[in-house]
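Number of protein chains: 2
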Amino acid sequence: MDKKIHLSEEEIPRFYYNIMADMPNKPLPPLHPGTRQPLTPDLLEPLFPKDLIMQEVSSERFIEIPKEVRQIYAQWRPTPMFRATGLEKLLDTPAKIYYKYEGLSPAGSHKPNTAVAQAFYNMVSGAKRITTETGAGQWGTALAYACQIFGLECEVYMVRVSYDHKPYRKVMMNTFGAQVYPSPSDRTEFGRKILAETPDSSGSLGIAISEAIERAVQDPHAHYALGSVLNHVLLHQTIIGQEAIVQMEKAGDMPDIIVAPFGGGSNFAGITFPFLHLNLTKGQNIRCVAVEPTSCPKLTRGEFRYDFGDTAGMTPLLPMYTLGHDFIPSPIHAGGLRYHGAGVLVSQLLKDGLIEAVSQRQERCFKAGMDFIKSEGIIPAPEATHAIATVIDEALKCKEEGVSKTILFNLCGHGYFDMGSYEAYLSGKLVDGEVSAEDIRASVASTDGLQPA
Amino acid sequence: MDKKIHLSEEEIPRFYYNIMADMPNKPLPPLHPGTRQPLTPDLLEPLFPKDLIMQEVSSERFIEIPKEVRQIYAQWRPTPMFRATGLEKLLDTPAKIYYKYEGLSPAGSHKPNTAVAQAFYNMVSGAKRITTETGAGQWGTALAYACQIFGLECEVYMVRVSYDHKPYRKVMMNTFGAQVYPSPSDRTEFGRKILAETPDSSGSLGIAISEAIERAVQDPHAHYALGSVLNHVLLHQTIIGQEAIVQMEKAGDMPDIIVAPFGGGSNFAGITFPFLHLNLTKGQNIRCVAVEPTSCPKLTRGEFRYDFGDTAGMTPLLPMYTLGHDFIPSPIHAGGLRYHGAGVLVSQLLKDGLIEAVSQRQERCFKAGMDFIKSEGIIPAPEATHAIATVIDEALKCKEEGVSKTILFNLCGHGYFDMGSYEAYLSGKLVDGEVSAEDIRASVASTDGLQPA
Numbered sequence: 016m017d018k019k020i021h022l023s024e025e026e027i028p029r030f031y032y033n034i035m036a037d038m039p040n041k042p043l044p045p046l047h048p049g050t051r052q053p054l055t056p057d058l059l060e061p062l063f064p065k066d067l068i069m070q071e072v073s074s075e076r077f078i079e080i081p082k083e084v085r086q087i088y089a090q091w092r093p094t095p096m097f098r099a100t101g102l103e104k105l106l107d108t109p110a111k112i113y114y115k116y117e118g119l120s121p122a123g124s125h126k127p128n129t130a131v132a133q134a135f136y137n138m139v140s141g142a143k144r145i146t147t148e149t150g151a152g153q154w155g156t157a158l159a160y161a162c163q164i165f166g167l168e169c170e171v172y173m174v175r176v177s178y179d180h181k182p183y184r185k186v187m188m189n190t191f192g193a194q195v196y197p198s199p200s201d202r203t204e205f206g207r208k209i210l211a212e213t214p215d216s217s218g219s220l221g222i223a224i225s226e227a228i229e230r231a232v233q234d235p236h237a238h239y240a241l242g243s244v245l246n247h248v249l250l251h252q253t254i255i256g257q258e259a260i261v262q263m264e265k266a267g268d269m270p271d272i273i274v275a276p277f278g279g280g281s282n283f284a285g286i287t288f289p290f291l292h293l294n295l296t297k298g299q300n301i302r303c304v305a306v307e308p309t310s311c312p313k314l315t316r317g318e319f320r321y322d323f324g325d326t327a328g329m330t331p332l333l334p335m336y337t338l339g340h341d342f343i344p345s346p347i348h349a350g351g352l353r354y355h356g357a358g359v360l361v362s363q364l365l366k367d368g369l370i371e372a373v374s375q376r377q378e379r380c381f382k383a384g385m386d387f388i389k390s391e392g393i394i395p396a397p398e399a400t401h402a403i404a405t406v407i408d409e410a411l412k413c414k415e416e417g418v419s420k421t422i423l424f425n426l427c428g429h430g431y432f433d434m435g436s437y438e439a440y441l442s443g444k445l446v447d448g449e450v451s452a453e454d455i456r457a458s459v460a461s462t463d464g465l466q467p468a
Numbered sequence: 016m017d018k019k020i021h022l023s024e025e026e027i028p029r030f031y032y033n034i035m036a037d038m039p040n041k042p043l044p045p046l047h048p049g050t051r052q053p054l055t056p057d058l059l060e061p062l063f064p065k066d067l068i069m070q071e072v073s074s075e076r077f078i079e080i081p082k083e084v085r086q087i088y089a090q091w092r093p094t095p096m097f098r099a100t101g102l103e104k105l106l107d108t109p110a111k112i113y114y115k116y117e118g119l120s121p122a123g124s125h126k127p128n129t130a131v132a133q134a135f136y137n138m139v140s141g142a143k144r145i146t147t148e149t150g151a152g153q154w155g156t157a158l159a160y161a162c163q164i165f166g167l168e169c170e171v172y173m174v175r176v177s178y179d180h181k182p183y184r185k186v187m188m189n190t191f192g193a194q195v196y197p198s199p200s201d202r203t204e205f206g207r208k209i210l211a212e213t214p215d216s217s218g219s220l221g222i223a224i225s226e227a228i229e230r231a232v233q234d235p236h237a238h239y240a241l242g243s244v245l246n247h248v249l250l251h252q253t254i255i256g257q258e259a260i261v262q263m264e265k266a267g268d269m270p271d272i273i274v275a276p277f278g279g280g281s282n283f284a285g286i287t288f289p290f291l292h293l294n295l296t297k298g299q300n301i302r303c304v305a306v307e308p309t310s311c312p313k314l315t316r317g318e319f320r321y322d323f324g325d326t327a328g329m330t331p332l333l334p335m336y337t338l339g340h341d342f343i344p345s346p347i348h349a350g351g352l353r354y355h356g357a358g359v360l361v362s363q364l365l366k367d368g369l370i371e372a373v374s375q376r377q378e379r380c381f382k383a384g385m386d387f388i389k390s391e392g393i394i395p396a397p398e399a400t401h402a403i404a405t406v407i408d409e410a411l412k413c414k415e416e417g418v419s420k421t422i423l424f425n426l427c428g429h430g431y432f433d434m435g436s437y438e439a440y441l442s443g444k445l446v447d448g449e450v451s452a453e454d455i456r457a458s459v460a461s462t463d464g465l466q467p468a
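Just so you know, the protein sequences line up as chains A and B, in that order. All residue numbers for the first sequence refer to our numbering, where the first residue is 16 and numbers rise by one. All residue numbers for the second sequence refer to our numbering, where the first residue is 16 and numbers rise by one.
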């Protein structure tokens with residue numbers, strides 16, 4: 016049995032898979048933030064190129080990947096799948112564990128899968144620059160990389176706490192030619208408002224999104240890009256799961272359980288949606304488990320509501336599991352999972368019982384990460400350790416019950432820029448955040464006035 | 016034409032190539048540091064396992080790679096080769112440029128190629144732990160990774176200036192289970208001596224080697240490992256060039272010029288020796304160019320002499336191009352190239368005119384690195400930018416002369432742990448070191464008493 020399951024360049028997928036086509040219950044429509052009426056696609060034109068808006072609202076099952084985008088993908092795709100023989104041995108489990116490794120991309124995560132597509136469609140539309148936000152920096156790095164390829168300027172609003180704690184992420188974006196600003200910044204009205212109220216604000220993804228959108232709306236040559244949550248972003252990531260299906264077939268196996276970390280949904284959707292296609296259309300029964308941090312528990316403790324995607328309330332209202340757009344998660348190291356809401360598609364699937372969600376504590380995740388480094392030799396990003404913790408839980412359950420299940424997870428990125436987090440863990444200085452039921456109730460209440468009558 | 020030239024797992028080489036078999040002039044023998052008599056292999060037994068000593072002195076052309084080592088290699092090998100279409104376009108050159116990319120290994124460089132082999136033979140020999148030194152941290156990381164696989168303890172002496180400036184490299188080694196100490200340390204007699212003389216010593220590779228050797232010699236369960244210079248280390252790296260030959264054949268091409276950065280020689284030997292085999296036995300005429308920093312110019316301005324490999328004078332005397340074992344290079348960011356001497360095999364080849372050497376200034380190298388990031392989307396380690404600078408020189412010469420040559424280089428590692436260096440470059444704060452002819456004369460003179468009568 017080979018450790019690595021390889022695909023050839025010809026096996027890079029030719030289509031994105033759109034789960035909208037197969038969902039038994041279609042998601043509720045996004046609403047205009049002012050009128051509360053269903054949004055018409057043309058209202059998104061100040062923010063996104065037409066091609067991406069079409070993808071956002073499409074119900075076509077397969078959408079062709081442009082040749083130019085596939086060529087760029089070929090720099091690092093198809094990504095390898097590994098059988099986690101070392102981890103299986105460490106756990107002494109009868110379970111078979113596989114992982115898809117997305118950390119070998121030039122930006123070090125799965126994010127370039129959508130960044131390259133978004134930059135390409137923006138270039139085609141004639142845009143000159145893209146504005147965006149970034150938390151831990153994975154998404155900002157990916158978009159900076161992609162913009163450079165297609166000759167676009169890239170303006171990144173980086174959550175202040177990350178900007179200060181992870182200066183090397185900023186430099187990495189700079190080497191890819193991006194301009195990076197700490198958010199809240201004095202470059203936007205909303206940023207100045209926050210700074211006036213809270214001069215030492217450490218920022219949040221919601222605030223950074225508001226700033227990036229404000230900049231894009233004001234500049235006729237700029238568009239905005241988001242790294243998760245939206246339908247077209249999740250769509251682009253489905254190349255991960257499509258490759259994984261072929262790799263599982265080559266291994267002569269098929270997963271019983273798929274596990275992925277959950278921030279806004281792009282990582283989870285990327286690996287699970289193509290398998291959910293098999294569940295929804297071919298009678299398969301694969302469990303798909305999203306893992307969120309206990310300190311930002313929108314899927315396991317949030318409510319399904321209409322809410323804004325940002326703090327200022329500039330985005331459309333989206334029907335999603337949310338903790339309320341005012342929710343500020345504790346500063347855990349998995350910055351990519353610190354978002355108050357879940358993407359619309361994933362929220363509907365969870366509501367319909369077609370996927371599952373669990374939460375994991377930060378300390379437990381780093382312990383799982385260390386077990387993984389020890390047994391598999393790869394240093395995972397803090398986000399990815401959430402999946403590993405749940406994979407270990409499931410593998411130990413197999414051992415207890417004496418059954419051999421096949422578990423697949425998405426190792427979404429490397430942790431080379433997160434050594435400070437590992438140092439905190441190794442020196443016993445990791446502090447987890449607690450969220451009380453009252454906190455969540457109060458925060459979700461901020462969405463009350465947003466619900467349709 | 017494909018951008019990426021891929022090999023399958025079956026194409027991982029089965030043998031290391033030993034250039035000793037094909038050299039027209041064999042290297043002079045290493046000498047015992049006390050008696051100045053040719054060293055007998057048994058004297059190396061306190062430091063290395065027998066299998067590695069045999070490889071060190073072997074003149075067999077091909078040495079089989081153990082099955083267990085090939086299995087580990089398969090985690091990241093064969094490594095991809097890329098046609099640098101973006102860089103060619105940026106330079107508007109008729110030259111064809113290819114690069115072999117070793118940065119996708121779990122340690123991020125080519126170093127695990129030998130670290131895994133060395134750890135394996137140590138495990139077989141019954142050693143419990145390995146001591147070593149590291150400069151920038153690439154080698155220490157690789158050995159930590161390899162030791163963990165084979166259940167060995169790993170004790171790393173890290174040059175003080177790197178230990179202080181690159182704390183995340185240290186943490187990375189810690190996550191792989193290694194103990195890391197700043198050198199000079201108070202754990203060895205030699206370290207204590209240096210600290211007594213110079214309490215704020217910033218250390219050097221030569222000092223760190225002395226400390227690691229002292230620890231290994233005193234501990235019956237420990238061996239010592241070196242990441243470059245020695246014959247067996249260069250031998251292990253030849254899998255890079257062997258893969259590259261097959262990849263060039265698949266591309267229907269063959270290099271006219273091969274370029275690699277030069278520290279102690281492992282990187283350069285890794286990619287060039289298998290091609291030199293073609294030069295030496297098949298009448299090929301491929302130029303092989305080693306690139307060193309102008310601030311540590313042993314190949315271009317050093318002398319061919321017997322010298323120690325370390326500062327304390329604990330190693331055998333080796334016949335090599337050297338700046339003198341007391342030479343302390345200025346603290347450039349390419350820490351892996353800050354070594355006073357060149358490996359014996361490479362030194363002899365240079366002496367015989369079978370390879371070439373040039374030097375590059377640090378600032379020019381970072382500029383070349385930025386051109387590479389812009390056009391190829393990969394962030395190179397500072398060491399690797401030395402090769403890129405010379406590749407650009409050669410490609411521009413092709414343009415000037417209107418000829419199309421094929422240039423291959425070894426992109427030996429990524430620069431994710433070197434963002435501080437890029438930041439210094441981008442903010443105009445990079446300072447290059449100057450070495451005067453007097454400095455070199457004085458330093459080389461420290462080897463005078465070491466020459467055989």
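Hints are computed from structural coordinates only; laboratory data are not their basis. Accuracy of the hints is not assured; some may be wrong.
A pair counts as met if it fits within one copy or between any two copies, since identical chains are not told apart.
Claimed, not checked - Using 27 Å as the maximum straight-line C-alpha spacing, the simulated DSSO-like pairs for lysine-lysine come out as follows:
no., residue 1, residue 2
1, Lys143, Lys382
2, Lys382, Lys420
3, Lys366, Lys414
4, Lys82, Lys389
5, Lys41, Lys19
6, Lys41, Lys143
7, Lys265, Lys18
8, Lys143, Lys104
9, Lys82, Lys104
10, Lys297, Lys414
11, Lys19, Lys265
12, Lys382, Lys208
13, Lys366, Lys18
14, Lys18, Lys82
15, Lys143, Lys389
16, Lys414, Lys104
17, Lys82, Lys265
18, Lys82, Lys366
19, Lys297, Lys82
20, Lys389, Lys104
21, Lys420, Lys41
22, Lys208, Lys297
23, Lys41, Lys389
**Report entry** Identical-chain pair category, lysine 41 with lysine 389, by Cα at 27 Å
**Finding:** neither (43 Å within a copy, 42 Å between copies)
Requested in this report: Give the relationship of lysine 41 and lysine 143 under a CA distance limit of 27 Å: within one copy only, between copies only, both, or neither.
Outcome: Classified as neither: same-chain Cα gap 35 Å, cross-chain 61 Å, threshold 27 Å.
Requested in this report: With 27 Å as the alpha-carbon cut-off, assign the pair lysine 82 and lysine 389 to within, between, both or neither.
Outcome: Between copies, since 21 Å is at most 27 Å while 40 Å is not.
Report task. Tell me, please, which holds for lysine 382 and lysine 420 at an alpha-carbon limit of 27 Å: within, between, both or neither? Result -> Intra 23 Å, inter 52 Å, cutoff 27 Å: intra-copy only.
Report task. Could you place lysine 366 and lysine 18 in one of the four classes (within, between, both, neither) given a Cα distance threshold of 27 Å? Result -> For lysine 366 and lysine 18, the Cα distance exceeds 27 Å both inside one copy (37 Å) and across copies (44 Å).
Report task. Classify it for me, lysine 389 with lysine 104: is the Cα-Cα distance of at most 27 Å met within a copy, between copies, both or neither? Result -> within (11 Å within a copy, 43 Å between copies)
Report task. Give the relationship of lysine 265 and lysine 18 under a CA distance limit of 27 Å: within one copy only, between copies only, both, or neither. Result -> Cα proximity of lysine 265 and lysine 18: in one copy and across copies (12 Å, 25 Å).
Query raised in the report: Given a CA cutoff of 27 Å, do lysine 382 and lysine 208 count as a within-copy pair, a between-copy pair, both, or neither?
Result: This pair counts as neither: shortest intra-copy Cα distance 40 Å, inter-copy 40 Å.
Report task. Can you give me the call for lysine 82 and lysine 366, within, between, both or neither, at a CA distance of at most 27 Å? Result -> neither (36 Å within a copy, 51 Å between copies)
Query raised in the report: Between lysine 420 and lysine 41, at a C-alpha cutoff of 27 Å, which is it: within one copy, between copies, both, or neither?
Result: neither (31 Å within a copy, 58 Å between copies)
Report task. Up to 27 Å between alpha-carbons, please classify lysine 143 paired with lysine 389: within, between, both or neither. Result -> between (45 Å within a copy, 17 Å between copies)
Query raised in the report: How do lysine 82 and lysine 265 come out at 27 Å by Cα distance, when the copy is not named: within, between, both, or neither?
Result: both (26 Å within a copy, 23 Å between copies)
In summary, the numbered hints that this structure violates are 3, 5, 6, 10, 12, 13, 18, 19, 21, 22 and 23.
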